[in-house]
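Asker: Hey, can you work out the whole structure from these sequences and the hints?
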Amino acid sequence: MTAPTGTAPIARALVQLLRSNPTLKSGLTGGIHEGVAPLGSVFPWLVYNLQYGPMEYGWGDLTIPSGYTVVVFGRDQVEARNLDGLVVETLHDVELSVEGQTTLFSRRILDLSSADVDDEGQKVYGIGGVHELWTSQTL
Amino acid sequence: MAYTLNRSAATNLVARRVDLGIDITLNRIKGLAKSLAPVRKTKPTGGRNRADPAEVRFYRRTTRERVETTQALGEIGQQVGATAQQTADAINMGDTRKYTDTRLATGGKKGNPDTARRARLVKALADAGLVAKLARRGPVRADTKADVARLHGVRVEFEGNVATAFVGGTLRKSIRVVNARRTGNVIRGSVRADAPYAKYVEFPTHRTKAQPFLLPAFKAYAGDSTKLAKEIRRQQGG
Numbered sequence: 001m002t003a004p005t006g007t008a009p010i011a012r013a014l015v016q017l018l019r020s021n022p023t024l025k026s027g028l029t030g031g032i033h034e035g036v037a038p039l040g041s042v043f044p045w046l047v048y049n050l051q052y053g054p055m056e057y058g059w060g061d062l063t064i065p066s067g068y069t070v071v072v073f074g075r076d077q078v079e080a081r082n083l084d085g086l087v088v089e090t091l092h093d094v095e096l097s098v099e100g101q102t103t104l105f106s107r108r109i110l111d112l113s114s115a116d117v118d119d120e121g122q123k124v125y126g127i128g129g130v131h132e133l134w135t136s137q138t139l
Numbered sequence: 001m002a003y004t005l006n007r008s009a010a011t012n013l014v015a016r017r018v019d020l021g022i023d024i025t026l027n028r029i030k031g032l033a034k035s036l037a038p039v040r041k042t043k044p045t046g047g048r049n050r051a052d053p054a055e056v057r058f059y060r061r062t063t064r065e066r067v068e069t070t071q072a073l074g075e076i077g078q079q080v081g082a083t084a085q086q087t088a089d090a091i092n093m094g095d096t097r098k099y100t101d102t103r104l105a106t107g108g109k110k111g112n113p114d115t116a117r118r119a120r121l122v123k124a125l126a127d128a129g130l131v132a133k134l135a136r137r138g139p140v141r142a143d144t145k146a147d148v149a150r151l152h153g154v155r156v157e158f159e160g161n162v163a164t165a166f167v168g169g170t171l172r173k174s175i176r177v178v179n180a181r182r183t184g185n186v187i188r189g190s191v192r193a194d195a196p197y198a199k200y201v202e203f204p205t206h207r208t209k210a211q212p213f214l215l216p217a218f219k220a221y222a223g224d225s226t227k228l229a230k231e232i233r234r235q236q237g238g
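Protein sequences appear in the order of chains A and B.
Heads up: the first sequence begins at 1 in the working numbering, then just goes up one per residue.
Heads up: the second sequence begins at 1 in the working numbering, then just goes up one per residue.
Possibly wrong hints are sitting among the right ones.
[What the hints assert, rightly or not] Residues from chain B shown here face chain A by an in silico Cβ test under 8 Å; the list is partial:
id	residue
1	180
2	184
3	204
4	208
5	210
If you're looking for bench data, these hints aren't it; they were derived computationally from the structure.
Ideal Cβ positions, reconstructed from N, Cα and C, are used throughout, including at glycine.
Answerer: Here is the structure:
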């Protein structure tokens, strides 16, 4: 019986796929970060975070319906929205190459939008959403 | 913010069971969300922190002592152009130990006016004999500190020599179930987090990491509602 590989390879595959889009990669000047971007990062940047990852065991297999929050933060609302569009284009309904697991589906299930003011008093827009990725592993 | 469960209830025979099932699921979601919701905790190292041992010591004085000291602090503060609060902060933040060098009275190497004010304040306190009086104060037992902090709405837990003050709990308290309500053949119930900043905890902001609590709880019991729906279909002969 194989041990469950969990959500780590899913996150790896997600980042790999995001980086594989050259337009998105060049547009994200501040880079792609897990959780939070380090201090001094240049806008725009992308932050991804595991929102949930319950494990559903079946007879001989394991399904993980994991949710990842992917948000683009930028000074310009239009730029952030365009980059988010590229994120959806890259992630929606595609097959991720997850090590040891098979992708069942990958979809944007929730949109998020926020506006904040940073320490310099300038506006920061956060545009993104939650992507649900269903993967299956044979145990 | 809230997440809602919608279930179609086709017949009245199973309606009650559906209501009960949804209520149980919602309460399970609420329970898990409460345990996942982060509680703000801090290590009491700074004087501005209510559970700081120095400040607790300050509160520990008798009322008479406190009134006398507050008056004295106000008078001394006035001499050097500081408020009573700034004077109290100077004691609580350990300035009486840090700003003893008389050369700091001109603001140190960088000529910092804040450093100059603090140093002048400490000198004035020393001249009034208050620094020595504060230094003589004996240590207060850990459980007494925790009791005093609790009176100020702060829970303190001690593990060895390390004290952790829990100053939060608002988010957890704000999580509640909105009871299932029937509209036509749709039953709707919600689990809500009413704290205004709940969204900024659940999802990331440009300066903070997400600490999801509501969506993971909802997803953990999403299977229950599917099972419930299957059972209803079976009871209906579907």
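Asker: Compare the structure with each hint and give your call.
Answerer: Tested hints:
no. : hint : in the structure
1   : 180  : violated (23 Å)
2   : 184  : violated (26 Å)
3   : 204  : holds (5 Å)
4   : 208  : holds (6 Å)
5   : 210  : holds (5 Å)
The earlier numbered hints that this structure contradicts are 1, 2.
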